[in-house]
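Since the structure of chain A is provided, determine the placement of chain B on it from the hints.
2 protein chains.
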Amino acid sequence: MTTNTTITQQINDVDIEAIADLAETIQTDPEVAATTWKANVVWNGGFASETNVRDFAPVASDEPISLGGSDTAANPVEQLLGALGNCLAVGYAANATGLGIEINDLSIDLEGDLDLHTFMGLNPNGNAGYDAIRVSVALDSDATPEKLTQLHQQVVGTSPVGHTLGRAVPVQIDLA
Amino acid sequence: MTTNTTITQQINDVDIEAIADLAETIQTDPEVAATTWKANVVWNGGFASETNVRDFAPVASDEPISLGGSDTAANPVEQLLGALGNCLAVGYAANATGLGIEINDLSIDLEGDLDLHTFMGLNPNGNAGYDAIRVSVALDSDATPEKLTQLHQQVVGTSPVGHTLGRAVPVQIDLA
Numbered sequence: 001m002t003t004n005t006t007i008t009q010q011i012n013d014v015d016i017e018a019i020a021d022l023a024e025t026i027q028t029d030p031e032v033a034a035t036t037w038k039a040n041v042v043w044n045g046g047f048a049s050e051t052n053v054r055d056f057a058p059v060a061s062d063e064p065i066s067l068g069g070s071d072t073a074a075n076p077v078e079q080l081l082g083a084l085g086n087c088l089a090v091g092y093a094a095n096a097t098g099l100g101i102e103i104n105d106l107s108i109d110l111e112g113d114l115d116l117h118t119f120m121g122l123n124p125n126g127n128a129g130y131d132a133i134r135v136s137v138a139l140d141s142d143a144t145p146e147k148l149t150q151l152h153q154q155v156v157g158t159s160p161v162g163h164t165l166g167r168a169v170p171v172q173i174d175l176a
Numbered sequence: 001m002t003t004n005t006t007i008t009q010q011i012n013d014v015d016i017e018a019i020a021d022l023a024e025t026i027q028t029d030p031e032v033a034a035t036t037w038k039a040n041v042v043w044n045g046g047f048a049s050e051t052n053v054r055d056f057a058p059v060a061s062d063e064p065i066s067l068g069g070s071d072t073a074a075n076p077v078e079q080l081l082g083a084l085g086n087c088l089a090v091g092y093a094a095n096a097t098g099l100g101i102e103i104n105d106l107s108i109d110l111e112g113d114l115d116l117h118t119f120m121g122l123n124p125n126g127n128a129g130y131d132a133i134r135v136s137v138a139l140d141s142d143a144t145p146e147k148l149t150q151l152h153q154q155v156v157g158t159s160p161v162g163h164t165l166g167r168a169v170p171v172q173i174d175l176a
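Line by line, the protein sequences are chains A and B.
Sequential numbering from 1 applies to the first sequence in the working numbering.
Sequential numbering from 1 applies to the second sequence in the working numbering.
Don't read these hints as lab results, they were simulated from the structure.
Treat each hint with caution, since some may be false.
Where chains are identical, the list cannot tell them apart; a pair therefore holds if satisfied intra-copy or between any two copies.
The calculated SDA-like cross-link candidates involving lysine to any residue, where the alpha carbons are at most 20 Å apart (straight line), are [claimed, not checked]:
hint, residue 1, residue 2
1, LYS38, ILE173
2, LYS38, THR149
3, LYS38, PRO64
4, LYS38, ALA60
5, LYS38, GLN172
6, LYS38, ALA138
7, LYS38, LEU116
8, LYS38, ASP55
Just chain A, same shape as in the assembly (with noise of 0.2 Å):
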């Protein structure tokens, strides 16, 4: 037992047993598992900003020269696509592990289509966000067929910022 915590240890980096820990602390206390999370956007004037989060180092947004940018960094539809696959990436080394599963490389591919109408005005009541997001995943490994196959379901079905998308939530914006 002790030995074969030891190995899963090893696996992927991750730290399994700081996972266990949290996962039995939230079985005794479920309010354990109610987080809420937070992020603070400035202005930076034109359409650039930044993200602050905790004490880490702000991230730059911009938008490209073409949407009236000065291009300076990602814009926010690209960073939420970021956003979902630094997720994945999670999931895939959380549960990998979990499985036995040693991952050698992972790299995700992301992209979203939108259209820019109702974004740019001209469409009210438009959706100005994406219509559709596809997501491919190559992941090295030498874990058989059958077990990456039961990795992927694990990940896309308890991925929190793949629920988000795929949902409807609700999102109130207040102007204090």
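This is chain B only, laid out in the frame that chain A set:
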């Protein structure tokens, strides 16, 4: 007319000319509005990964220690909130400029509630994503409350990330 254009251009450092050009192009050729945005995410071991967009420097992602990460960067669900805030910042800057409203300062606080049971594999078929997202916008401007309400409604009605979160988007995730 030329004078007006010049004045408008100087408000909020927004290149309103570029936006007007794009709107005109889209009205002539609607296909121009059909855009596809991309990102790539590379896993770096454990729960660390990075987002790559066009030629910009990679942006780091990680999870807090309590979730099994090494806490070196904002996590994906925080990045998602940041993407929404940055999108709204662009929306306020663009629409304010169109309405002739000068923005002195703009800061946006975002938070979202997320129950960890599903992510932790403790609630099969549950919602792993945000149950609700709340945004508080602090906008400092000398414009009238009526004008600011109009601005706010325009922004909320045309936000690409806001609409993406507020609607169920088809997300197709394929293991290559």
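Now for the hints, and whether the structure bears them out:
1. Proximity of LYS38 to ILE173 under the C-alpha cut-off of 20 Å is restricted to the intra-copy arrangement: shortest distance 14 Å within a copy versus 27 Å between copies.
2. In this homomeric assembly, LYS38 and THR149 never come within 20 Å of each other (Cα to Cα): the closest approach is 33 Å inside a single copy and 25 Å across copies.
3. Only between protomers do LYS38 and PRO64 lie at most 20 Å apart by alpha-carbon distance; the minimum there is 13 Å, versus 27 Å within a single protomer.
4. In the homo-oligomer, the alpha carbons of LYS38 and ALA60 lie at most 20 Å apart both inside one protomer (17 Å) and across protomers (17 Å), since each shortest distance falls under that limit.
5. In this assembly of identical chains, LYS38 and GLN172 lie within 20 Å of each other by CA distance solely inside one copy; the values are 14 Å within and 27 Å between copies.
6. Taking the closest pair of Cα atoms, LYS38 and ALA138 come within 20 Å of each other only across two copies (16 Å); inside a single copy the shortest separation is 31 Å, beyond that limit.
7. In this assembly of identical chains, LYS38 and LEU116 lie within 20 Å of each other by CA distance solely across copies; the values are 15 Å between and 28 Å within a copy.
8. Taking CA atoms no more than 20 Å apart as the test, LYS38 paired with ASP55 passes inside one copy only; the shortest distance there is 12 Å, against 28 Å between copies.
Checked against the numbered hints listed earlier, the structure breaks hint 2 alone; every other hint is satisfied.
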